[in-house]
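Asks: Residues per chain, in single letters:
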Amino acid sequence: MRPFHYERAATPAAAVKMAGTTPMSPDQPSVATPVQYLAGGTNLLDMMKIDVMRPDRVVDINAIAETRHGGIEVSDDGMWLGALARMAEVAEHADVKHRFPVIAQSLTLAASQQLRNMASIGGNVLQRTRCPYYRDTSYAECNKRDPGSGCAALGGFNRMHAVLGTSKACIATYPGDFAQALIALDARVEITGAHGHRSMAFAELHRRPDDEPHMETRLAPGELITAFTIAALPWARRSKYLKIRDRESYEFALASAAVALDMDGDIVREARIALGGVATVPWRASAAEHEIQGKRLDERALAAAAEAAFADARVFEHNAFKIALGKRTLTRALRETAAMET
Amino acid sequence: MARAAPKPQANMGPPVPRYDGRAKVTGDARYPSDVPVASPAFAFLVTSAIAKGRIVRMDLAAAQAVPGVLDILTAEDTRELKHVKFAAGGAGASTSIQGLGPDIDHDGQIVAVVLADSFEAAREAAHKVDITYAAEEPAATFDATNAREESPEEVGERAKKLPKAGDAAAALASAEVTIDAQYATPAQHHNAIELFTTTALWSGDELTIYEPSQFVFGLKNNLAERLGIDAEQIRVVSPYVGGAFGSKAQMTPRTALIALAARRLGRPVKLVSTRDQAFTISTYRAETRHRIRMGARRDGRITAFIHEGWELTSRPDPYSVAGVEDSARMYGFGAVETRVTLVHADRNTPGFMRSPPVVPYIYALESAMDELALELGMDPVELRRANNSMRDATGKEWSSRSLMECYDEAAAAFGWKERTARPGSMRDGDWLIGWGCATAAYPTHLGPSAVRVRLTPAGEVRVQVAAHDIGTGLYTVLAQLAADELGVPLDMVRVELGDTALPPGIVAGGSVSTAATGSALVKACAAIRERLTAAPAQTTGGPSGNKLEDVFERLGIGAIEEYAEFIPEGGKPDAIASLYKGKPALGGGSHGEKLMYALGAEFVEVRVHALTREIRVPRIVGAFAAGRIMNTRTARSQLMGGMIWGISSALHEATEIDRRHARYINDNLADYLMPVNADIRDVEVILVPEEDSEVNPIGAKGLGELGNVGTAAAITNAVHHATGVRIRELPVRLEKLLG
Numbered sequence: 002m003r004p005f006h007y008e009r010a011a012t013p014a015a016a017v018k019m020a021g022t023t024p025m026s027p028d029q030p031s032v033a034t035p036v037q038y039l040a041g042g043t044n045l046l047d048m049m050k051i052d053v054m055r056p057d058r059v060v061d062i063n064a065i066a067e068t069r070h071g072g073i074e075v076s077d078d079g080m081w082l083g084a085l086a087r088m089a090e091v092a093e094h095a096d097v098k099h100r101f102p103v104i105a106q107s108l109t110l111a112a113s114q115q116l117r118n119m120a121s122i123g124g125n126v127l128q129r130t131r132c133p134y135y136r137d138t139s140y141a142e143c144n145k146r147d148p149g150s151g152c153a154a155l156g157g158f159n160r161m162h163a164v165l166g167t168s169k170a171c172i173a174t175y176p177g178d179f180a181q182a183l184i185a186l187d188a189r190v191e192i193t194g195a196h197g198h199r200s201m202a203f204a205e206l207h208r209r210p211d212d213e214p215h216m217e218t219r220l221a222p223g224e225l226i227t228a229f230t231i232a233a234l235p236w237a238r239r240s241k242y243l244k245i246r247d248r249e250s251y252e253f254a255l256a257s258a259a260v261a262l263d264m265d266g267d268i269v270r271e272a273r274i275a276l277g278g279v280a281t282v283p284w285r286a287s288a289a290e291h292e293i294q295g296k297r298l299d300e301r302a303l304a305a306a307a308e309a310a311f312a313d314a315r316v317f318e319h320n321a322f323k324i325a326l327g328k329r330t331l332t333r334a335l336r337e338t339a340a341m342e343t
Numbered sequence: 004m005a006r007a008a009p010k011p012q013a014n015m016g017p018p019v020p021r022y023d024g025r026a027k028v029t030g031d032a033r034y035p036s037d038v039p040v041a042s043p044a045f046a047f048l049v050t051s052a053i054a055k056g057r058i059v060r061m062d063l064a065a066a067q068a069v070p071g072v073l074d075i076l077t078a079e080d081t082r083e084l085k086h087v088k089f090a091a092g093g094a095g096a097s098t099s100i101q102g103l104g105p106d107i108d109h110d111g112q113i114v115a116v117v118l119a120d121s122f123e124a125a126r127e128a129a130h131k132v133d134i135t136y137a138a139e140e141p142a143a144t145f146d147a148t149n150a151r152e153e154s155p156e157e158v159g160e161r162a163k164k165l166p167k168a169g170d171a172a173a174a175l176a177s178a179e180v181t182i183d184a185q186y187a188t189p190a191q192h193h194n195a196i197e198l199f200t201t202t203a204l205w206s207g208d209e210l211t212i213y214e215p216s217q218f219v220f221g222l223k224n225n226l227a228e229r230l231g232i233d234a235e236q237i238r239v240v241s242p243y244v245g246g247a248f249g250s251k252a253q254m255t256p257r258t259a260l261i262a263l264a265a266r267r268l269g270r271p272v273k274l275v276s277t278r279d280q281a282f283t284i285s286t287y288r289a290e291t292r293h294r295i296r297m298g299a300r301r302d303g304r305i306t307a308f309i310h311e312g313w314e315l316t317s318r319p320d321p322y323s324v325a326g327v328e329d330s331a332r333m334y335g336f337g338a339v340e341t342r343v344t345l346v347h348a349d350r351n352t353p354g355f356m357r358s359p360p361v362v363p364y365i366y367a368l369e370s371a372m373d374e375l376a377l378e379l380g381m382d383p384v385e386l387r388r389a390n391n392s393m394r395d396a397t398g399k400e401w402s403s404r405s406l407m408e409c410y411d412e413a414a415a416a417f418g419w420k421e422r423t424a425r426p427g428s429m430r431d432g433d434w435l436i437g438w439g440c441a442t443a444a445y446p447t448h449l450g451p452s453a454v455r456v457r458l459t460p461a462g463e464v465r466v467q468v469a470a471h472d473i474g475t476g477l478y479t480v481l482a483q484l485a486a487d488e489l490g491v492p493l494d495m496v497r498v499e500l501g502d503t504a505l506p507p508g509i510v511a512g513g514s515v516s517t518a519a520t521g522s523a524l525v526k527a528c529a530a531i532r533e534r535l536t537a538a539p540a541q542t543t544g545g546p547s548g549n550k551l552e553d554v555f556e557r558l559g560i561g562a563i564e565e566y567a568e569f570i571p572e573g574g575k576p577d578a579i580a581s582l583y584k585g586k587p588a589l590g591g592g593s594h595g596e597k598l599m600y601a602l603g604a605e606f607v608e609v610r611v612h613a614l615t616r617e618i619r620v621p622r623i624v625g626a627f628a629a630g631r632i633m634n635t636r637t638a639r640s641q642l643m644g645g646m647i648w649g650i651s652s653a654l655h656e657a658t659e660i661d662r663r664h665a666r667y668i669n670d671n672l673a674d675y676l677m678p679v680n681a682d683i684r685d686v687e688v689i690l691v692p693e694e695d696s697e698v699n700p701i702g703a704k705g706l707g708e709l710g711n712v713g714t715a716a717a718i719t720n721a722v723h724h725a726t727g728v729r730i731r732e733l734p735v736r737l738e739k740l741l742g
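Chains as they are written, first to last, in the numbering used here: chain B, 2 to 343; chain C, 4 to 742.
A portion of the hints provided could be inaccurate.
Computed from the model, here is a short list of chain B residues facing chain C with C-beta under 10 Å [as the list claims (entries may be wrong)]:
#1 118
#2 139
#3 158
#4 160
#5 204
#6 218
#7 251
#8 263
#9 330
To give a feel for the contact side, a few chain B residues facing chain C, derived at Cβ under 10 Å [to be verified]:
#10 51
#11 52
#12 245
#13 332
Since the hints were derived computationally from the structure, they do not count as laboratory data.
All values derive from a computational prediction rather than experimental measurement.
C-beta atoms are modelled at their ideal positions from N, C-alpha and C, and glycine is treated no differently.
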């Protein structure tokens, strides 16, 4: 860890203003942004201790939790989640569990209780990859850390790496769970920056690696996530997060699926599918959704959805199993979601 | 799960609570790095980023410019340190690779030590040390093109000392039923929660080292040799150890570096290494491979057993566990042949990790037993019964053997008779159920120990020995034993361990501590009792009662202190003198006149999801016989922890290696998996009564390393029963079952 300046902000506007006093280039690797916001610190502090992140300034935004942005608002129209709400608060909220089960489940199945008590949901969606080559600065090759340096994971130990959305420059897996649930429920993300407020579809937030894996999101330097909005869509209640992993708890997904279905009898009226553990970004499986929309969820439709979801998958030395596992995870999630009583 | 300690049966001591329990849960226990020293400097290690090659240039300018940095030790500054010969088991250094370069022999080799006024400054500066390497292509593990497999001559030389009986090849050729199978186990790291720490404090020429250790006398003597000073100038203090599992038995390179740094600075120095450094600055369980061929008669009697092992080690050091020594003894095989081959690669030197020989070798044996049972169409328990014997193939007899009693008790508790034999035949909805079993075994080692015991008229007892409680319960069983032997209440006994100012104890390895230290303690207590009985019955005007105070008064002394030495039968007469010099001698197991082992049987249920194939272990039952059980609570705790580790070893633990660079990949506790609470459901420990007066004076067999043996085989056998898939390479991962 290297020395840094520590400041505190009590409102999103104050935080953004504070951050704005350091000039920041939009082309800089996301990991090297010289000003970082500190909420739960469950990711940032780790990255600083292992010397991957070396911010000059850390702006502590925890006081924002005292404002509306630390709260959870549920109405008949939907839900507004302040970015400073803690993972545990959202996961344990009765209305969230009841009306948006995939949201609560994705949070409960992530990390440990201690981490969920600390981590903010705004920070959670920005959690950085667990790629071991990214996390160890003694490897010179990492396009995320050092653009153009190469990718050590391509020919290295890549069991946990992605099979969807990869590029020649990066195959690092997006590690989170909550983001898949947000995608399944068509969530939007609210952002505050130097030029005021804006919002975008959450599915647009993360950028695929392509040729620029160091550009991880569409947030401009200094921008701050302030909230997530989720409409009470017809498929929100019949939703589920299935996470397959090497141990029962406190572990990242080998494959996961966030599924939301609007059923008309046994016909799928509308479907949303997002996949985790297998892709470089929170992954919406639109082609798979298309395969089951308007159809009965029989074995044929399930198989077609699974095939479609992984049609473009590309595997590496140690992660070829993720195609078979990903397909089965999706199949099981669809079956179990269809069987839910709502 | 039965949560209470088992009720003592025949030859078992009461489940008294842990002597050190309160101190540990309240934070009162001071681990070595907790000991406050005045104004310490803090050390941070710089380790190499390549596994093989040379340091071409080391630029320290940026690091030295960090405020608070005091000194940076590099190879040049450490030339005065003497090389100490590698020896496994505490008698020597953990590795021959002791220099800071410029030659690099493994990933994560220590290449510099940064010293600063604060930990933070030392860490920051360490990150700013800029090293240029000339890297060469390393051999990472088995099958690497430039790994060196031992020559047939070297293998043949070792084989002379390994078990052999009859003509196994001929017996195999003429057998009615045969199997031929290969198995593999991965590299694993101990990952004790307490990291590798050292605090060094000089007072004139006297050096005190606070460091978690499984053998303080070994560390003291080896360090003296490395520093080129008299061992009597060094005191090593390690009263509590926060997990060791074999990783803290030998001297690692860090200790002398910190002692040297403290001398240079004229100030105490404290090192707490990081988790990732722990993977490369100490030892680990190396990967192994096995081929087992067995021949049997139709009735199940095994007529031929051929076990070949391959073990990975570092380039310079011939570390070997050679567990064929144990696998070849387990059953009454007709003919036996064994062989072990070392493969040298560019890695740090491996070392002992809980049950070093038997974890990999009994896994292979017990997997093969299950495969043979299937081939014969026999119940796996009955195959063990058919080959149960009080003699091994060489004719050596067992001192005691309660294996089938363990099987029968565990099978009954588990409900084994409800099992249907056909793989995939037991199912609960979407979950495939499999039941499997395997033998657990650990050699009963014998070792020497000294001890000092003091008794006062008030009945206060103090036991002093430089033995080690690494979480195993030694404080508790010694207190119990002393209280019993001297007839005082338990809370009158104080036990002091882990300090070279005390009489020497044995290395906390080979599950030998209770037997060795306990035997010495019994001797010292007997001597005290003898002195008490020698008191005159009456003196004029003095008290005539039998109260301790009265007896002391009649003796006319203020306290009795007895120093005793115990050398096991067959041990060398200079065994204690050697112990003072840091050389432990372990005998027993298969090496004495008789075969001496603690044994057990473990039964597990696995559940495998029919579609997504994740593997869970909802219950495990183990029954164990280990001679006299000193304390059923600490014994159960050891065995339960062992079985949980066994589950971990089967399903979770593997150190992944980047084969291009010979570097460890998952060197942190998030990526090096071990079970969390949710993974461990029902664990049942059954203690089977057993008496064995031949093993040692107190009749106890070490059981600290018993519970985690065989578990992996029980699990892979159960996975086969659930799915029909035989996993011959650990760990069991769900991708191996996706098929």
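Asks: All the hints need checking, so say for each whether the structure fits it.
Replies: These are the hints, each one checked on the structure:
| no. | hint | verdict |
| --- | --- | --- |
| 1 | 118 | 16 Å, violated |
| 2 | 139 | 4 Å, holds |
| 3 | 158 | 5 Å, holds |
| 4 | 160 | 7 Å, holds |
| 5 | 204 | 25 Å, violated |
| 6 | 218 | 23 Å, violated |
| 7 | 251 | 5 Å, holds |
| 8 | 263 | 24 Å, violated |
| 9 | 330 | 6 Å, holds |
| 10 | 51 | 8 Å, holds |
| 11 | 52 | 5 Å, holds |
| 12 | 245 | 5 Å, holds |
| 13 | 332 | 7 Å, holds |
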